Amino acid sequence: MDAVLESLGLDQACLMEKLEEGIQLMAMNCYQTSQHLHDCTIGMPPHSDYGCLTILFQSCEGLEIIDRSNGNWKAVPDTPESLHVHIGDHLEVLSNGRYKSVVHRVVYNSRCRRISIASIQGLSMDQKVITAEELVDEKHPTAYKDTSFREFLQYLLSTTDYANGVSYIDSLRIFNP
0 MDAVLESLGL DQACLMEKLE EGIQLMAMNC YQTSQHLHDC TIGMPPHSDY GCLTILFQSC
60 EGLEIIDRSN GNWKAVPDTP ESLHVHIGDH LEVLSNGRYK SVVHRVVYNS RCRRISIASI
120 QGLSMDQKVI TAEELVDEKH PTAYKDTSFR EFLQYLLSTT DYANGVSYID SLRIFNP
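Mapping of the sequence shown onto numbering that gives the first Met the number 0: position 86 corresponds to residue 85, and the numbering continues sequentially without gaps.
Hints were generated in silico from the structure; no laboratory data involved.
Owing to the predicted nature of the structure, the values given are computational and were not obtained by experimental measurement.
Take these hints with a grain of salt, some might be off.
What the hints assert, rightly or not - Simulated DEER-style distance windows between Cβ atoms:
1. Q11 x C39: 39 to 47 angstroms
2. E137 x L82: 38 to 46 angstroms
3. C29 x A74: 18 to 26 angstroms
4. E16 x R112: 36 to 44 angstroms
5. V135 x D169: 26 to 34 angstroms
Ideal Cβ positions, reconstructed from N, Cα and C, are used throughout, including at glycine.
Just need the whole structure built from these sequences, with the hints factored in.
Rendered as structure tokens:
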């Protein structure tokens with residue numbers, strides 16, 4: 000996290016204090032294998048993670064990320080004993096879009112039962128994520144609305160967009176002329 004903040008020219012202490020007081024969620028998912036499922040069957044629809052960073056372990060292939068340059072899905076290789084680190088929505092908002100949250104999905108793996116363990120680090124329930132003032136100027140106006148974890152949860156409860164593959168970050172974008 001320090002390296003990311005340093006690359007943006009931001010004070011590391013400020014965000015690190017907020018993260019220490021923030022939320023850490025752990026999600027464990029099991030995707031069963033079945034002869035009735037194909038390798039293209041969606042196990043979890045496309046989304047980005049709401050937090051600063053997500054650290055993910057997967058037991059076998061099934062995770063895919065979108066290639067933003069052409070919109071194609073790419074399989075994340077199964078590298079034994081490795082962890083994947085994903086940029087989350089918090090960092091996209093904080094960095095004013097200089098870092099992009101990773102849009103990903105899960106497809107079933109017909110050859111093995113897939114287990115994933117995700118650790119998501121973010122700010123506390125009501126702590127607002129805002130774009131860093133240092134990253135806003137005439138050429139780079141604020142591109143995102145402020146948000147909090149509570150507002151994210153309210154969004155999940157109030158819409159079907161997220162379940163249909165629309166990431167929360169899309170609802171935060173401000174379209175500047």
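Worksheet item: Quick check: which numbered hints come out false for this structure?
Response: Violated: hint 5 alone.
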